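Enquirer: With chain A's structure known, arrange chain B on it following the hints.
So the chains spell out like this:
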Amino acid sequence: MNNHGMKRRTGLGALLATALAAVPGFGFAQADKPLRIGFSMARTGMLANATPSQANTYELWREQVNARGGMDVGGVKRKVEFVTYDDQSKPEQAVRIYEKLITDDKVDLLLAPWGTPFHISIAPVLEKYKFPMVGNTAASVALRQVKPGYIWFPTSAIPDRIAVELVTMLKQNNVKTAVVIANVLPFTKEIKNALEPELKKGGIDVKLSTDYPPDIKDMTSILTQAKQANPDAVLALAYPGDSVLYSKQAKELGLNSPFQFIAIGPSDAFYPKAVGPASADGVVTIAHWSPRPEWKGSQAFYDAYVKKFGEDPDYLNSALAWMSLEILEKAVAKNGLDKEKIRATISKDTFETINGPVRFEGVQNVITPTAFVQYQKGKLQIVWPKSIASAQYQPKKGW
Amino acid sequence: MPWVDVLLSGQLLFAALVTGSLYALVALGLNLVYGTMRMLNVAHGDLVMLGAYAAYWAFTLAGISPLVAAPVIAVIGGAVGYGLYRGLFRRLLGGAQVDAGRVEANSLLLFFGLSIILQNVAALAFTPNNRAYQYLDEVVHLGNVSMTGNRIAALAIAGGTCIGVAAFLSRSVAGLAMRAVIERREAAYIVGVDVDRVQWSSFALGFGCAGLAGVLLSMLEQFSPFSGFPFTVAGFIVIILGGLGNLLAGLAAALLLGAIETYGVALTSANLRSVLLYAVFVAALVLFPNGLLARLKGRR
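Order-wise, the sequence lines are chains A and B. Number 167 in the numbering used here belongs to position 167 of the first sequence; there are no gaps in the numbering. Number 270 in the numbering used here belongs to position 270 of the second sequence; there are no gaps in the numbering.
Just chain A, same shape as in the assembly (with noise of 0.2 Å):
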């Protein structure tokens, strides 16, 4: 009983206290109030499995902005709080999400959800309400066709330049037939439409290619066919859940091409967990990222994830994610809130990042080149371009 009475004393207390703190705080809301940033994700439902490492890579952010006294909002320094809302994986979710955010939450700024749909979705939102927003986690030809203005896209794997540098990888490697195996999902079937004309082209003799649905749950029959095609390159265009079926059944099936790319899923930590970091080294996955001295921040960032998560950071969306904030951090330090100056800002200047100079041209990045990353003794190495490779192509020696 005495202890239900001091604890509604110390609440009234509390209380009390907040409510006198408030008043003389009043005169200067602006640098003591929190800044308030939105974002939907998927924390549910079916892609609530990819989101973790880009929702992480948020959280990482507010951690390193509040500790080092806040955001700097055009020289006056703010602590940064989320509002944040599951869009169960509905990108009709997101679009009343992100509305509510900006009409209802009255957030400061936003994030970007997770996923292509989801962001080309929510694009007439920000075009109505003037809201720039930086994008992360999408990459679709459909990309360009987003009316520029409020959004841009840091990512340079776009599934028709990936068809153009990964053939041209190819020919470089010797690769002089291939297998080509596509999830059927929006991604993959884009590279899948861009890689076939392109391999032609290349001279590369494709010995299968085929299609799978997303649920498949067997891929013995596809791979026993490719393993007798006996090709010198597999390109299996997957998801992050067939990724790992893939591989297994590789290995299984003794499916020993010397060049093994797989589309999605490698970049993610999850990735060796799953099949083994002897069965990862040697494949060769999409990513443009990887802790390189020449960027500056990115050891620190690789650093950072890495002790408050324990596993490595997802070197396609965790970096994309690191990125855009980057670059919104920069532009709001130079602009205050300011929507108009925000969207001109980033619309015109060439923000540094972890992955170097980004610049955008209508919602596109024409900097960061695409780029094919290889596991090599447990580490995700840059191997191509040559420009800003870490490590060179290794062909991989079995599962």
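In case anyone wonders, no lab produced these hints; they're calculated from the structure. Computed from a predicted model, the values in this text were never measured in an experiment. Hints may be right or wrong, so weigh each one.
As the list claims (entries may be wrong) - Stretch-level coverage of chain B by chain A, calculated; a stretch enters the list once three of its residues show a Cβ under 8 Å from a Cβ in chain A:
| id | region |
| --- | --- |
| 1 | 3 to 11 |
| 2 | 123 to 133 |
| 3 | 158 to 168 |
| 4 | 271 to 277 |
Even glycine gets a Cβ: it sits at the ideal position worked out from N, Cα and C.
Expert: Quick look at chain B alone, frame taken from chain A:
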């Protein structure tokens, strides 16, 4: 691949058996609970998911082999099933007279709620990250068939458990009592079968099977808190194909499903997987509305 090669391929047979036996184990648990109590456990796949997490944590945190953890997790699953039955479902069921329609509808809602809660609690507690670990993945060659150790283990355990349960149902008194309740509930009650005991034991056995299936799954593929639902769907297809409540036909149906997934895909295209699956499903419903083996049973 020419179709003769496809049909004679040992590699495909192995793949079909692994997939089929896992489906059989998942469906067996689902069917036990449905058969004895007319309860549609739509959270069954989520129990599989929890079993997978249990094996994952045991392996990554304590280094316990999934093969050692498997029986423990199955027993824990069984205990949870028993507890749920005592605490929640016994009241729903009453005695000999079960209004099947009411129980089906109520249990559907209850389990649907349970499914959502389990998924979201798992996402909160374990994060929605993909999880997987590497265990027993050396490749073994047998003739011209290559197999990874974990797939052999999964096949042996799932297949062995299904055969064991089938033997239990057709040989032991308790198993016969279980089948009696499934087939003629009132009659079983009248001749003195302890229906309550049959019910809690099928609940425990069903949940135990789900946990065990989860352990095997965790050795083979990666999973997240939302990986369970496809197994619920696969389980339902199997038990509807085999006939609701007909446990042995369910095992055959699961192998058929595994065969469609491998041979069907090999003979046509991977893109037709779902088409083939549901075509067979619809055809079976039209031609054998009471399940694949219903005619056989009728004759007996």
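Enquirer: So which of those numbered hints doesn't the model satisfy?
Expert: Number 3 - this is the single hint that the structure violates.
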